Amino acid sequence: MTLLEIRNLSVRFVTPSGVVPAVNDVDLDIGDGQCVAIVGESGSGKTQTLLASAGLLAANGLASGSVRFAGAEILGLPERQLERLRGPGIGYVFQDALGSLTPHLRIGDQLAESLQAHREVDRATALVEARRMLEQVHVPDAAARLGQYPHELSGGTRQRVAIAAALMPQPRLLIADEPTTALDVTVQAQVVDLFRELRTELGMALALVTHDLGIVAGLAERVVVMYAGSIVEEADTSRLFRSPAHPYTAGLIEALPRLDDDTDAPMRTIAGVPPPPGMVSAGCPFAPRCARRSERCSVDSPVLAAHGSAKLACHHPATRGGTA
Amino acid sequence: MNRSRGLWADAGRRLAANRAAVASLVILALLCVLAAVGPAFSAYAPDELDWEMMGVPPELGSGHWLGTDRLGRDLFVRTLHGARVSLAIALLATLVSLLIGVTWGAVAGYAGGRADALLMRFVDVLYALPHIFFVIVLTVVFDRSPMLLFIAIGAVGWLTMARVVRGQAMALMQREFVEAAIASGAGPSRIIFRHVVPNLLGTVIIYATLMIPQMILIESFLSFLGIGIQEPLASLGNLIADGAAEMETAPWILLVPATCLVIIVFCFNFLGDGLRDALDPRER
Amino acid sequence: MIRYIVRRLLGAIPTLLVIVVLSFLLTRLAPGGPFDEEQALPPEIRANLERAYGLDQPLHVQLGRYVAGLLRGDFGPSFKFKDFSVTELIATGLPVSLKLGAAAMLLAVAIGIPFGMLSALRHNQFVDHAVMALAVLGIAVPIFVVAPLGALVFGIYLQWLPVAGWAPGEIRDMILPTVTLALPVIAYVARLTRGSMLETLRSPFIRAARARGVPRGRLVWRHALPAALTPVVSYLGPATAAVLTGSLVVETIFGLPGLGRYLVQGALNRDYTLVMGMVVVYASIMIGLNLLVDVAYAWLDPRVRPGARQ
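Chains A, B and C are the protein sequences, given in the same order. Under our numbering, think of the first position of the first sequence as 1, with each following residue one higher. Under our numbering, think of the first position of the second sequence as 1, with each following residue one higher. Under our numbering, think of the first position of the third sequence as 1, with each following residue one higher.
Note that these hints are calculated values from the structure, not bench results. A couple of the hints might just be wrong.
Claimed, not checked - Stretch by stretch, here's where chain B covers chain C in the computed footprint (C-beta under 8 angstroms, at least three residues):
1) 14–27
2) 130–142
3) 150–161
4) 249–260
5) 275–289
Please read these numbers as outputs of a predicted model, since none were measured by experiment. Even for Gly, the Cβ is constructed at its ideal location relative to N, Cα and C.
Modelling step: build the complete structure from the supplied sequences, incorporating the hints.
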């Protein structure tokens, strides 16, 4: 069953210097219990797509199209109804762990309130539940943490607490927006392990937003690659890594550091930078950086279409072993 | 040089597009001209008593447009005179504040380190105290001479300016042209006054414009209490005090100078805000 | 926390001493003395008077005596209110001024914060624009214009409230002076609260709390408000200065027997000891309130609490 169903979603921002498009006509499905990774450079629209799905766009952001959660339309829903959906429906973990906790409230209060906002429980029960949840996300010395303030915790612990806060009302879908970016490498690995563990234990769906393909491999079943506000490729994780069809995806995978690499070889990167939002001209937005571009690419924008078992938006997809 | 002229031209255009600021500028210019030359064209002198017209309300026919006070002195002329005195004192006090504040801030920003910490600590201590009480002590010392009043007011008004200038000066010290000047062996005073201060001009103009109404208010406040400008000299403050004493029977004696004061303060504030937007579009 | 307060109180002593010395030296440097205005005193009588008040002594001896007196709570004699010591004048004036000032501050906070919040929560709507227009008016129109106008409208035309007087326990006497004194502070607090509330509502932790489904009321009161109040709390120091300054005008206009009126009269009469005594009292009030503000700040934001782990 499809839990989150996004159709023709576009997001625009009204700024003093004009309307800036951030997301163009995105379709995306996430099934119950499924884990989908959304990958792309910053500014590719991945974050705004998911913020729009939870009704959390900034005040000057406009979403059009359709976002359905468990069959019910979300876009245009009044805040009061969104409040009931967020939490038990959709949970959200942000990149900025310190920023996602209210600085002047104790950890215990914030965790308890996440539960009490959605269920008729007294404070004591909620606090017991909070301690249990902190233990589940492996926060050491959980009972003592309840009385502490966010600034008293380390970065990794803060992110675990933020995850615990999102998990308290037991969401059916957890959106994790670059949950490891702000953390150092060892902690990153621990958080990825935590997500894997939580998925098997809690059976929730997970939308993982990241620019790091490395953490995708072991976690997601399906990968969606976004570039300049549009989806350029969508495929099962194993297939995507084995034979990326879009040159951009291929570039991302090549840019991954490999353990078997000659340590002296320079890291491979994709040359150039993505176009700034709103500056996309006719043709394929990736064309200026693409090694396989042709005349057609700079005039005719490719649309997302079925490509075997996957979806792809490219005129010159790579097939196994060569170009078409 | 071309680039900086372009900056000022840009700022001018942005200011011209701000209707409230332009209107304020026009009103202030008119008031200044009126205050400077208006009394000379009036049929009445500010201290001339009209024995037949004591405390008449505003009326065009009587020759006293805005009425007269208890002693029969023409309110229009007296208010213009008061505005002239208030504006003059405010401008001079602002100048005093500028001289102290810009020098203090620029030196602190230039020197950095312990000298900076010491200078700014002094500002912080003074900042925490109610300035007006020091002005009052100073007016007691200076014997309420209008000449020295602006020094007293200016002497406590420079703190904000010093803080702002210091912050900007510190940023400027990191810029290439200042580093180049240091490398070419320019002395401290040359760097401060030839390289740092000229580049603070925009900020200084904004804060000076916003400081003038503050100074007018302090002067009027003191004059209202009788500690500032003394009779027979008029300032907006003591005119308002006169009016307040008579308001039961002759409210216009209060309303005329009070309106004039409020207009001046509003205009300077709008102009200052407009200048800030024009010269520093990144703010707000 | 108590150790922090004690340390801050000890830290205030040098500040206060600087103020005393500075204002003492300034008043003594003044050309002319307190007895100048009494026309043509015979030199012997003048010398007698100066001896009686200790003005013939060297400056540092006068200063030493004054500071020693202050420590005993003795502010010296008033030069002009001949039958009273400055301490007695302070004792009669302080309760009036404190009552007036405290009521005005309370009013400013009780009205300014809710209106600022309302404005922020109705951002860019009619209520917001109306409140902010009023706030601009309240900030720009000086108190010595508002006070007589208020007396004119509510006291004389409408006859709702008494224009002057301060009968003990008479609430009606307090309304006009308190409201007048509070108006500019209300306006400033409202503007500050609005700006800071708008900024807080855009901050990531509010978005995160929304993402957890925290209901709107709780979001505003528990999550946003305490964070939004910190700049308002820091403004309470300057606000006290504004109220103290304004009280000079309000006490003079409404004829209240408070410290402000004594200060103005002292300044008019060049009554050194009276002016200095008032400045010392006002400075102490300011320092005390600034300390209170810092304590309130720590209460609102655990990160600045003394002993908080950074």
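Evaluated hints:
1. 14–27: Result for this restraint: holds, n = 6.
2. 130–142: holds (count 3)
3. 150–161: holds (count 3)
4. 249–260: holds (count 3)
5. 275–289: holds (count 8)
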